[in-house]
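Novice: In order, the protein sequence lines correspond to chains R and B. The opening residue of the first sequence carries number 10 in my numbering; numbering runs sequentially from there. The opening residue of the second sequence carries number 2 in my numbering; numbering runs sequentially from there.
To be clear, the hints were calculated from the coordinates, so they are not data collected in a lab. Errors might be hidden in some of the hints.
Claimed, not checked - So the derived list for chain B, only partly shown, Cβ under 8 angstroms to chain R, looks like this:
{"id": "1", "residue": "SER188"}
{"id": "2", "residue": "THR212"}
{"id": "3", "residue": "PRO213"}
{"id": "4", "residue": "ILE214"}
{"id": "5", "residue": "GLU215"}
{"id": "6", "residue": "PRO220"}
{"id": "7", "residue": "LEU221"}
To be verified - Anything over 10 angstroms on all C-beta distances counts as not near chain R; from chain B, calculated:
{"id": "8", "residue": "GLU78"}
{"id": "9", "residue": "GLU134"}
{"id": "10", "residue": "ALA138"}
{"id": "11", "residue": "ALA164"}
{"id": "12", "residue": "TYR167"}
{"id": "13", "residue": "ALA173"}
{"id": "14", "residue": "TYR195"}
{"id": "15", "residue": "PHE211"}
{"id": "16", "residue": "ALA230"}
{"id": "17", "residue": "THR238"}
{"id": "18", "residue": "LYS303"}
Note that CB positions come from ideal geometry on N, CA and C, so glycine has one too.
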Amino acid sequence: MNYFADAVAWLFDPTNYVGSNAIGNRVLEHLGFTLLTLVFASVIAIPLGFFIGHTGRGRGLAVGTAGAFRSIPTLGLLTLVALSVGIGLTAPYAALTVLAIPPILAGAYTGFEAIDRATIDAARAVGMSAGQIVRKVELPLSLPLLMGGLRSATLQIVATATLAAYVADIGLGRFLFTGLKNLDYAQMLGGSILVILLALLLEGIFTVLQKLVVPRGVAAGRPTDIWAGFTKLAR
Amino acid sequence: MEFAIMKGKRMFTAKKGRLALISVVAVGAAVALAGCASGDPLGSGSGAVSAADTLVVGSQDYYSNEIIAEIYSQALEANGFTVDRTFRIGQREVYLPELEAGGVDVFPEYTGSLLQALEPNAVGGTSDAIYTELQAALPATLRVLDKAAASDQNSWTVTQAFAEKYNLTDIASLKNVTEPLMVGGTSVLETRPYGPAALKAKYGIETAGFTPIEDGGGPLTVKALVDNAIQLTNIYTASPNIKSDKLVALSDPDNLFFADNVVPLVSEKVTDKAASVLNKISAALSTEDLVSLNSESVNDQKSAEAIAAAWLEKANLF
Chain R
10 MNYFADAVAW LFDPTNYVGS NAIGNRVLEH LGFTLLTLVF ASVIAIPLGF
60 FIGHTGRGRG LAVGTAGAFR SIPTLGLLTL VALSVGIGLT APYAALTVLA
110 IPPILAGAYT GFEAIDRATI DAARAVGMSA GQIVRKVELP LSLPLLMGGL
160 RSATLQIVAT ATLAAYVADI GLGRFLFTGL KNLDYAQMLG GSILVILLAL
210 LLEGIFTVLQ KLVVPRGVAA GRPTDIWAGF TKLAR
Chain B
2 MEFAIMKGKR MFTAKKGRLA LISVVAVGAA VALAGCASGD PLGSGSGAVS
52 AADTLVVGSQ DYYSNEIIAE IYSQALEANG FTVDRTFRIG QREVYLPELE
102 AGGVDVFPEY TGSLLQALEP NAVGGTSDAI YTELQAALPA TLRVLDKAAA
152 SDQNSWTVTQ AFAEKYNLTD IASLKNVTEP LMVGGTSVLE TRPYGPAALK
202 AKYGIETAGF TPIEDGGGPL TVKALVDNAI QLTNIYTASP NIKSDKLVAL
252 SDPDNLFFAD NVVPLVSEKV TDKAASVLNK ISAALSTEDL VSLNSESVND
302 QKSAEAIAAA WLEKANLF
């Protein structure tokens, strides 16, 4: 028996595209769940990361806490939350948000930290207020690293969001759990392939975004032809 | 395939160079998929036959099954056998090939579920009929010893309050329910021969939908039932939750579920002497015993060894 061929056959079986358990529905649910979790985690992690990065305060605490968050087993946390709030979507959203906070937080504060202090001093020297420094200097310069954090978080969520199906009728995890318990490996593998494809798609989108958010000044600041400037000077 | 997902995730977060990342992912996926391409992805392929003077006792990844396996082990040891415990192997599809290959010698099983695993089209019937069918369905290298009176089987379970509200006694009486009846449980429940489709076909019971709760009748399932997030689920009849959370397992006069009596499944290495030890246990083990053993594990958090030792001492068989 060839499981990979069976999984591909499962993916192209038109009967899997109808009803409440249709592949299309599950993909959209999975995507929606992933993006909403990303929003939840961002709302918490980005402002906190900016604050830490701008002020330099609470860094040790944030690094330690984020590290501890990373080590929390998601299924355990999911079960724990579900035992207090019951089954449904709350527990998966909470558990996956906790999973996504550390990379976003790290992206946000390292983005600020990585900025050359001379740049900020220069901004201050030309008379920018603290608010202007954050808005016009620190924020744009930190975006590529922040975007990297969001990208890493998105991949973790999209892969782990299969666990949402542990306590709710949602997402691609339904195919994995159903396939596992029914010994339907074609379905399991088919579901996994869909998760992988979704992850690659999101990765592609973030790669483009990450390029787009590099400020024009930074992108132009590193000419490939190192003699270009000198030639201009000589003229 | 969980392995492949995990692997992919770790690689993505590692933030290597993009080219390296892509090639690593591609190679990893190719390796993972090649591994999946043929054969049983769960089979270990080891199938090593155990040492001649040692009996290997296995158990499912189910706490109650582990307690029974521990009782078997301690009883065999008390009677001069050397026991190698390989507990919490997993579910039937994982360990059955191991038993057939001679890697495990003694395994606590459940008559109906084992029969259905071996013979998907089994007829069912009374507990004795199932035992007879099971003996015929086993492969030549395996046999079951005497079954115990103790049973731990699937059931359609509701809360006591819900049962009183609609005067529910047996499964057919679920027809009395006038509110939407949400079924919850592991995703297999949805497709099992006794699942929602059977309720509709056999008794005309309409269900409102299915909510997956993948902890196999564990605390999340019980909480969902008690919270009224679901109204109907499958809980094992020997679960201590039935008593402690005031649940009612609806009676099953039509044998919709197969009777699941505890029975030792053994390999050819189990001698008559070892068999008689295990048969003595089966003769003594009642369903009430099983519920209280489970309760000691779930409610008192005692170890399987301690629970098994206490039961054997009380039963005073050897």
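Novice: Now, for every hint given, state plainly whether the structure supports it.
Specialist: Hints versus structure:
Checking SER188/B against chain R: minimum C-beta separation of about 4 angstroms stays under 8 angstroms; hint holds. Contact between THR212/B and chain R, as hinted, is supported at the beta carbon level, the nearest pair being about 6 angstroms apart and thus within 8 angstroms. Look at PRO213/B: its Cβ gets to within about 6 angstroms of chain R, closer than 8 angstroms, so that hint holds up. At its closest, the beta carbon of ILE214/B sits 6 angstroms from a beta carbon of chain R; the interface hint therefore holds under the 8 angstroms criterion.
With a cut of 8 angstroms, the hint placing GLU215/B at the interface with chain R holds, because the nearest CB-to-CB distance is about 5 angstroms. At about 6 angstroms, the closest approach between the beta carbon of PRO220/B and any beta carbon in chain R falls short of 8 angstroms, and the interface hint on this residue holds. Of the supplied interface hints, the one on LEU221/B holds, with its beta-carbon coming within about 5 angstroms of a beta-carbon of chain R, less than 8 angstroms. Even its closest Cβ contact with chain R, about 34 angstroms, leaves GLU78/B beyond 10 angstroms, as expected for a residue assigned away from the interface.
In this structure GLU134/B is separated from chain R by more than 10 angstroms, as the shortest Cβ-Cβ distance comes to about 21 angstroms. Listed as a non-interface residue, ALA138/B keeps its Cβ farther than 10 angstroms from every Cβ of chain R; the least gap is roughly 18 angstroms. The Cβ of ALA164/B lies farther than 10 angstroms from every Cβ of chain R, with a closest approach of about 21 angstroms, so its non-interface assignment holds. The Cβ of TYR167/B lies farther than 10 angstroms from every Cβ of chain R, with a closest approach of about 22 angstroms, so its non-interface assignment holds.
Remark: the non-interface label on ALA173/B is consistent with the geometry, its nearest Cβ contact in chain R lying 27 angstroms away (cut-off 10 angstroms). Listed as a non-interface residue, TYR195/B keeps its Cβ farther than 10 angstroms from every Cβ of chain R; the least gap is roughly 14 angstroms. The Cβ of PHE211/B sits about 7 angstroms from the closest Cβ of chain R, inside the 10 angstroms cut-off, so the non-interface label is violated. Residue placement check: ALA230/B does not keep its beta carbon more than 10 angstroms from all beta carbons of chain R (closest about 5 angstroms).
Look at THR238/B: its CB is around 20 angstroms from the nearest CB on chain R, clear of 10 angstroms, so calling it non-interface holds up. Under the 10 angstroms C-beta cut-off, the non-interface status given to LYS303/B relative to chain R holds; the minimum distance is some 21 angstroms.
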